[in-house]
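Peer 1: Sequences and hints are given; from them, build the entire structure.
Number of protein chains: 2
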Amino acid sequence: MAEQAPAAIGFNSRRSTRHSRNISGFAAFISLKTGEIWGWEHDDWGDPISVDRTIDAVQVDEYDALVIPGGQINPDLLRADEDAVIFVKDFYDSGKPVAAVCHAPWVLIEAGLARGRKMTSYHSMATDVKNAGAHWVDREVVVDEGLITSRNPGDLEAFSAKIIEEMQKGVHERRAVA
Amino acid sequence: MAEQAPAAIGFNSRRSTRHSRNISGFAAFISLKTGEIWGWEHDDWGDPISVDRTIDAVQVDEYDALVIPGGQINPDLLRADEDAVIFVKDFYDSGKPVAAVCHAPWVLIEAGLARGRKMTSYHSMATDVKNAGAHWVDREVVVDEGLITSRNPGDLEAFSAKIIEEMQKGVHERRAVA
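Protein chains in written order, with my numbering: chain A, 120 to 297; chain B, 120 to 297.
Quick caveat, the hints were computed from the structure, so don't treat them as lab data. It cannot be assumed that every hint is accurate.
Heads up, the list lumps identical chains together, so a pair's fine if it works in one copy or across two of them.
[Said to hold, decoys possible] Below, computed lysine-lysine pairings styled on PhoX-like, alpha-carbon distance capped at 25 Å:
1) K208 <-> K288
2) K281 <-> K237
3) K249 <-> K208
4) K249 <-> K288
5) K281 <-> K249
6) K288 <-> K152
7) K208 <-> K152
8) K288 <-> K237
9) K237 <-> K249
10) K152 <-> K249
11) K281 <-> K208
12) K237 <-> K152
Peer 2: Right under this line is the structure:
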C-alpha cells in the first residue's frame, strides 16, 4: 500500500480532504487551474488547499485511484471541462478504482460511465443518474466494477474504506472487455 | 398585462431579480422557507431579498407565469423538495408559461416535464437534459408549448422578452391533451 497514491480532482471541503489524505497517507490534489482552492464548510469557506497538479498535465499511470469530491459547484465545473472528462474516462478504462461522492456522479455521467452501472449519488440528483442508464440504489457505498459511489458526507467513512479495499484488489481486468 | 403576476421560485442573483421584477412590474418571490435569501454575485453574496411566500402555501391559480432562476445550488435544493416539484408540475399542467434559466432545467427534469420537449440549459448540464428525453438546442431562448428555457445570464434579455410574449398569448390549451 505504501506506494499507492490516489488522486482527487476538484475539491469540496476540509472533511473530504482529510478523508482523501487518510486513504494512503498521500493524495495529489488535481484541479482545473494552479493556485489555491477552497471548499464551503457549513456556513463559510474552509481553509485553502494548494493544488498539486492541473488536469491538463496529469497522466492516468501516475495514480492508483481517482476520487472525485462532491458539492454542487465542483462537479458542475469539472463536467464542463473536456480535459477533466477525458481524464476520468481514461482513468476508468485503465481498470483502476474511480470513486465519486455526493454530486460527483455528474462527472461520471458526463464521461459516459453510468450506463448499466449500479450506483448511488446525492439524493437530489438520483433522477439524473437513472436517466443516464444506471441502476440507482440508496446505500452508503456502492461498488460496481471498481466504480465506487457514496451519497453524502455522512457516508465518508464507508466511502474511504471501500476505496482502500478496491485499491488493494488492484486493476479490474474485466472492464476492458465491456 | 397590469394584473398579471409572475412568480419566481428559488433565487439566483440580483440580476435575475431585476429581470423578474421588470417582466410586469411585480413578481412574488417564492422559496422553501420564510425570511431572506441571497444570490451569489460574481465574487460575493448579493443583497438579501425578502421571500414573499413559501412553496407549501402557494396555489397555481394565484400566478400567471412561473420563473425558476438558475445557479448550481438553487435548482438542486428545489428539485429535492417535493412541494416545489409538485408546484412546478401543476403549474405546467395549468397551461401557463413556465420559464427556467441556467441550471433551473434540473427542476423541469425532476417534475417530468423535459421528455419530448425542445429545450436549452446551461451548457454543463446539457447531457442531463438530453438523458431526460428532451431535444437540447444551443440557443439564447427556446419555447416549446409554453416551456421557456435559456442558457445563461447573458440570455436574460431574450428570456424576459419571451416570458412577456408567452404571458400575452395566455394559457396553452394543447398541453392538457398531451
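Peer 1: All hints are to be evaluated individually against the structure, with a verdict given for each.
Peer 2: We went through each hint and held it up to the structure:
{"no.": "1", "hint": "K208 <-> K288", "result": "within (20 Å within a copy, 46 Å between copies)"}
{"no.": "2", "hint": "K281 <-> K237", "result": "within (15 Å within a copy, 41 Å between copies)"}
{"no.": "3", "hint": "K249 <-> K208", "result": "both (19 Å within a copy, 20 Å between copies)"}
{"no.": "4", "hint": "K249 <-> K288", "result": "neither (28 Å within a copy, 36 Å between copies)"}
{"no.": "5", "hint": "K281 <-> K249", "result": "within (23 Å within a copy, 32 Å between copies)"}
{"no.": "6", "hint": "K288 <-> K152", "result": "neither (32 Å within a copy, 47 Å between copies)"}
{"no.": "7", "hint": "K208 <-> K152", "result": "within (20 Å within a copy, 40 Å between copies)"}
{"no.": "8", "hint": "K288 <-> K237", "result": "within (19 Å within a copy, 46 Å between copies)"}
{"no.": "9", "hint": "K237 <-> K249", "result": "both (10 Å within a copy, 21 Å between copies)"}
{"no.": "10", "hint": "K152 <-> K249", "result": "neither (31 Å within a copy, 29 Å between copies)"}
{"no.": "11", "hint": "K281 <-> K208", "result": "within (20 Å within a copy, 39 Å between copies)"}
{"no.": "12", "hint": "K237 <-> K152", "result": "neither (32 Å within a copy, 35 Å between copies)"}
The structure fails to meet hints 4, 6, 10 and 12 from the earlier list, while all remaining hints are met.
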